[in-house]
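From the two separate chains plus the hints, produce the assembled complex.
Here the protein sequences line up with chains A and B, keeping their order.
Its first residue numbered 405, the first sequence is counted upward by one per residue in the numbering used here.
Its first residue numbered 10, the second sequence is counted upward by one per residue in the numbering used here.
If you're looking for bench data, these hints aren't it; they were derived computationally from the structure.
In this text, a Cβ means the ideal position worked out from N, Cα and C, and glycines have one as well.
Incorrect hints may appear among the rest.
[Stated by the list, open to error] Coverage of chain A stretches by chain B, computed from C-beta distances (three or more under 8 Å per stretch; other residues unrestricted):
| no. | stretch |
| --- | --- |
| 1 | 459 to 470 |
| 2 | 618 to 631 |
| 3 | 709 to 723 |
[To be verified] Computed list of chain A residues with no C-beta within reach of chain B, every gap over 10 Å:
| no. | residue |
| --- | --- |
| 4 | Ala417 |
| 5 | Gly438 |
| 6 | Glu492 |
| 7 | Leu577 |
| 8 | Arg614 |
| 9 | Thr658 |
| 10 | Val702 |
[As the list claims (entries may be wrong)] DEER-style ranges, computed between Cβ atoms:
| no. | chain 1 | residue 1 | chain 2 | residue 2 | range |
| --- | --- | --- | --- | --- | --- |
| 11 | A | Asp450 | B | Glu192 | 42 to 50 Å |
| 12 | B | His39 | A | Ser451 | 16 to 24 Å |
| 13 | B | Asp21 | A | Ser551 | 46 to 54 Å |
| 14 | B | Glu226 | A | Glu471 | 17 to 25 Å |
| 15 | A | Glu525 | B | Thr235 | 16 to 24 Å |
| 16 | B | Gly63 | A | Arg523 | 48 to 56 Å |
| 17 | A | Asp414 | B | Gly161 | 56 to 64 Å |
| 18 | B | Glu247 | A | Asp450 | 51 to 59 Å |
| 19 | A | Arg523 | B | Met202 | 49 to 57 Å |
| 20 | A | Gly550 | B | Ala76 | 45 to 53 Å |
Now for the letters of each chain:
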Amino acid sequence: MRIVVVAEHDGTAVRGASLSALAFAQSVAAAAGGDVTWLVLGHQVDSVAQDAARFAPVLVVDSPALENPIAEPFARVISTVVKERGFELVAAASSTFAKDIVPRAAAQLGGAMASDVVRHELVDGRLQLDTPRYAGAVTATVVLQGSPQIVTVRGSAYAAAQPSGETHGVERLELDSAVFNCRGSYEGLKSKQNARPDVTEARVVVSGGRAFKNAEDFEQHVGGLADALGGAAGSSRALVDAGIAPNELQVGQTGKIIAPEVYIALGISGAVQHLAGMKNSRTIVAVNSDPEAPIFDVADYGLVGDVYKITPELIEKLESHAVGLSR
Amino acid sequence: MKILVPTKRVPDTDQKITATADGSGVASDHLPFVVNPFDAIALEEGVRIVEKLGDDSEVIAVGIGEADYVHQLRTALAMGATRAICVECDQPLDPWNVARLLKEIVLREQPDLVLMGKQAVDDDANQTGQFLAALLDWPQATFASRIELLAGEIRVDRETDHGIETLRLPLPAVVTTDLRLNEPRYASMAGIMKAKKKPLDVIPVAELGIALEPRVEVLRYHSSETVRRGERLRSVDELVERLRQDVGAQA
Numbered sequence: 405m406r407i408v409v410v411a412e413h414d415g416t417a418v419r420g421a422s423l424s425a426l427a428f429a430q431s432v433a434a435a436a437g438g439d440v441t442w443l444v445l446g447h448q449v450d451s452v453a454q455d456a457a458r459f460a461p462v463l464v465v466d467s468p469a470l471e472n473p474i475a476e477p478f479a480r481v482i483s484t485v486v487k488e489r490g491f492e493l494v495a496a497a498s499s500t501f502a503k504d505i506v507p508r509a510a511a512q513l514g515g516a517m518a519s520d521v522v523r524h525e526l527v528d529g530r531l532q533l534d535t536p537r538y539a540g541a542v543t544a545t546v547v548l549q550g551s552p553q554i555v556t557v558r559g560s561a562y563a564a565a566q567p568s569g570e571t572h573g574v575e576r577l578e579l580d581s582a583v584f585n586c587r588g589s590y591e592g593l594k595s596k597q598n599a600r601p602d603v604t605e606a607r608v609v610v611s612g613g614r615a616f617k618n619a620e621d622f623e624q625h626v627g628g629l630a631d632a633l634g635g636a637a638g639s640s641r642a643l644v645d646a647g648i649a650p651n652e653l654q655v656g657q658t659g660k661i662i663a664p665e666v667y668i669a670l671g672i673s674g675a676v677q678h679l680a681g682m683k684n685s686r687t688i689v690a691v692n693s694d695p696e697a698p699i700f701d702v703a704d705y706g707l708v709g710d711v712y713k714i715t716p717e718l719i720e721k722l723e724s725h726a727v728g729l730s731r
Numbered sequence: 010m011k012i013l014v015p016t017k018r019v020p021d022t023d024q025k026i027t028a029t030a031d032g033s034g035v036a037s038d039h040l041p042f043v044v045n046p047f048d049a050i051a052l053e054e055g056v057r058i059v060e061k062l063g064d065d066s067e068v069i070a071v072g073i074g075e076a077d078y079v080h081q082l083r084t085a086l087a088m089g090a091t092r093a094i095c096v097e098c099d100q101p102l103d104p105w106n107v108a109r110l111l112k113e114i115v116l117r118e119q120p121d122l123v124l125m126g127k128q129a130v131d132d133d134a135n136q137t138g139q140f141l142a143a144l145l146d147w148p149q150a151t152f153a154s155r156i157e158l159l160a161g162e163i164r165v166d167r168e169t170d171h172g173i174e175t176l177r178l179p180l181p182a183v184v185t186t187d188l189r190l191n192e193p194r195y196a197s198m199a200g201i202m203k204a205k206k207k208p209l210d211v212i213p214v215a216e217l218g219i220a221l222e223p224r225v226e227v228l229r230y231h232s233s234e235t236v237r238r239g240e241r242l243r244s245v246d247e248l249v250e251r252l253r254q255d256v257g258a259q260a
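So here's chain B without its partners, still in its complex pose (with noise of 0.2 Å):
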């Protein structure tokens, strides 16, 4: 079994984020970097598997970015991947290019399972994944809670607004992470030392053959403030005039 999980790099969750003052981007550089917590989701359920089958499977973890994404690709070897692979890109990517680049990727490596988060907290588009089933021809299930593999099959538990609910897809398929999949572990020291010599590919974009198409044109980016009233109330009896006079006049 191959499983390949494309992961993007993320400012960390717990920062603050705010638009630069011009509008041209997010203010970044003092922010500290993680693999999305989604993509660490889908790594750990690829690790998972291949500890369970216990056979020569392998799990790739996949980064497209600037030269310095292999540090987040060394975090992903010492959680447990087999091998990674950088696609070094110092332009920024829209889903719809990320898609094309990483089906080139799977084109090469012949996976049997993409596993991937389900969206990117960074521009939370949540599209990539499904892009990449469809570019690719191949079954997708989003959201996954739970996977479980059956004969050249999978069976995936999906989180929708209305419940969870249950598709069983062929291989190859690609899949998508929702949180309570699993929880991630925490890179051993044992992990980052292994981590080292694992092989680490480091592709230029352009040998992978794709012209870029930009879909998305950022023209800016401001930062969201609402204005709130902030009254802090002293009793329940004041809460509840409260509630009266500011819902009871809606209804």
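The shape of chain A in the complex, shown without the other chains (with noise of 0.2 Å):
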């Protein structure tokens, strides 16, 4: 099977999420036979293109059209290419700059998509999918009918594939200048600054609800709890509608979906909508001041009581037993 991984860049290298889902081309390959590249997109992408050769062979296709992340000249570049070098399975992250271009490229190629793969298996040449379906509480197994097959792989279910200690060739790609029309434009993007890591990329992940009632106690409890164990900060939707907590921190269903090795939830009641965005973590420490919290039911170790009282006393314990985790 031919694949071609598209790989989200923050400009300099390859994120960690396209990784995972350059993992599951590999272990696909791995089992069905065939090769695997990356798709490298985007204006003056070199030294990405270099840091996506220590994994795999890499096809670039470099635009001033392909500054910034518009769905409709990217997809049609993903789209053309795929026909162009017949590839027959296309992976991408899961992440909301795949979730916007992916399907529309495969819209043009014949609309056989899966989101969200968290498992495979080869059954007999045909390539079996695992989807989360109503928030994870269901997993459906599917069969893509059709050639390509297009899948976004959730970054969490597959451990970031690792450098094959040799450099594979970068080839850069023109197409016809009409593959990169656009009639959008772009306007820029908003961010709050965070100088910890983002919650898909951190071994640990700190995350406040709805017992924070302001910016400063999110940011001293959870911040400072995320800080003293070298991890992310997140949130429950509760905190990002009530303007507590950025967008970008929200873990659940409509949030980000994370695997970290340890969760830890503090004044969160775990909604099923919460529970889906973390429920797969490997720990997962509770504390609330509500006994019967379904958060509980999902945790490995629960701790009854107010988080405006434990928070401080566990940054404080754990600052003097040196608890922490690299990042």
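Written out as structure tokens, the structure reads:
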């Protein structure tokens, strides 16, 4: 099977979630036979291509039209390259970038797409894919009809691919200018600066919920504990809706779906939509004043009490015990 | 201005969902159905735009499914949709075929804007809006948290992993809605009474002239279960101890 992986990047290097998508692709190629190639899209992305080449051969489409992530040209470039090169499987990370552009490309390629793949198996030559449904309450095992098959892959379900130890080739593609047509324009990105790691990349995630009354308290307790453990700060939807935490911290069905080594839920009741975003974490710790809170049903360790009292004590004792994880 | 809002009916998200014992489907007989929450947000946005314009603009709610789908479309009408279209289809549809059917409705209705939820909370696919935009070759903006109407264009704030991104698109376009775009209203009693008189066209799927092409074959469903230790601790000291053993040991 000829497989291409869309490489998401930050302008310098490939993002971790794409390395998980690459690991999925390599595993499929190992089982089915075939090869895996990166597709790097952007403008002035030589360093990204070099980074990607540590893992697998690279195709690069470099154009000023790809400077900002707009679905129309990105999708057309992907579908054009897939058709020209005869790729049979297209994989990408389950990020907002890929969820925007990859389905659009998939429709240009016949519509055989599965989102958020968490497991795969080759059975009688057919690729069976597990995809979560109903906020993860149910998993459907599906087979896609038609070729190419297009998938997004959950980063939390596949360990990142490792460099292969050699430097692979980088091939630059020249495409017809019509492929880059774009009717929309990009007006910018507003992000709250965050010195901590992203929740999708951290080994430890500390999340806060409704118990926190304002942004200062959230920063002091959730941010403080995250810093004490060298982890990321996350949040439930309630705090994002209340303007207490920024959108990009939201963990849940409609936010980010993560599976860190340790997830610490502070003052989060545990609505099914939140559980969908974190329940595959390796160890789950819950602190909540309500002993009946559903978060305790999915927790390995539960502590009943007021987060405003428990968190400062926890931070202080962790720091004096030097419990921490490297990032 | 004409706004088309495709909707999906889904089991109420507050219900516990499990696979059937034989894995052939989801145990849904006992479940109440609602308009997909993201589609309700799209509908609300469409109604707000039309209310603000105050002209002869209209919001058309569309549903594809079995005959009793009309209940959810009546809800959409009660929330303020001008009229509704029910495409009657008793076969299960994947996003590809939903998008192909919606394309036919769009070609008939010629809306300026298609507004729909970013995902349905049953299959969580997050594909149909993007598929439809591609099939129509229209510009798209997904995950909208703010929509501003300009002359012949829209400005959309999008929620991404890295912050809020702003796009400007010419119309017609497809926009998919995220949670924070608005808070959908409840249908008022007056709205429910009015809805009974609003037009609701039922179109048999065959009339659209689209041969269905399945793309996703579901082999089986299973309920997701993870076993947890569920240990209740009594003090912060115990928690520090567990974190030191479990967490520190992994470092």
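Hint by hint, here is what the structure shows:
1. By the rule of at least three residues with a Cβ nearer than 8 Å to a Cβ of chain B, the coverage given for the stretch 459 to 470 of chain A is violated, with 0 such residues.
2. Using a Cβ-Cβ cut-off of 8 Å, 0 residues of the stretch 618 to 631 of chain A lie near chain B, which falls short of the minimum of three, so the contact claim is violated.
3. For the stretch 709 to 723 of chain A, the stated coverage by chain B holds: 5 residues have a C-beta nearer than 8 Å to a C-beta of that chain, and at least 3 were required.
4. No Cβ of chain B approaches the Cβ of Ala417(A) within 10 Å, the least distance being about 15 Å, so the stated non-interface status holds.
5. Residue-level check passed: Gly438(A) sits 21 Å from the nearest beta carbon of chain B, beyond 10 Å.
6. In this structure Glu492(A) is separated from chain B by more than 10 Å, as the shortest Cβ-Cβ distance comes to about 15 Å.
7. For Leu577(A), the non-interface assignment is confirmed: its Cβ lies about 21 Å from the closest Cβ of chain B, beyond the 10 Å cut-off.
8. Under the 10 Å C-beta cut-off, the non-interface status given to Arg614(A) relative to chain B holds; the minimum distance is some 16 Å.
9. Thr658(A), annotated as away from the interface, has a beta carbon of chain B within 10 Å; the closest lies near 5 Å.
10. Annotated as non-interface, Val702(A) brings its C-beta within 10 Å of a C-beta of chain B; the closest such distance is 6 Å.
11. One distance hint, 42 to 50 Å for the beta-carbon pair Asp450(A) and Glu192(B), holds here, with the actual separation near 46 Å.
12. At roughly 56 Å, the beta carbons of His39(B) and Ser451(A) sit outside the given window of 16 to 24 Å.
13. Remark: the range hint 46 to 54 Å for Asp21(B) to Ser551(A) is contradicted by a beta-carbon distance near 37 Å.
14. At about 39 Å, the CB distance of Glu226(B) to Glu471(A) disagrees with the hint of 17 to 25 Å.
15. For the pair Glu525(A) and Thr235(B), the beta carbons lie near 20 Å from each other, so the given range of 16 to 24 Å is met.
16. Checked against the hint of 48 to 56 Å, the C-beta distance between Gly63(B) and Arg523(A) comes to roughly 52 Å, which is consistent with it.
17. Between Asp414(A) and Gly161(B) the C-beta distance comes to about 34 Å, which lies outside the given range of 56 to 64 Å.
18. The given range of 51 to 59 Å is respected by Glu247(B) and Asp450(A), whose C-beta atoms sit roughly 52 Å from each other.
19. In this structure, Arg523(A) and Met202(B) meet the distance hint of 49 to 57 Å, their C-beta atoms being roughly 50 Å apart.
20. Taken as a hint, the range 45 to 53 Å is violated for the pair Gly550(A) and Ala76(B), whose Cβ atoms sit roughly 30 Å apart.
Going through the hint list in order, the structure does not satisfy hints 1, 2, 9, 10, 12, 13, 14, 17, 20.
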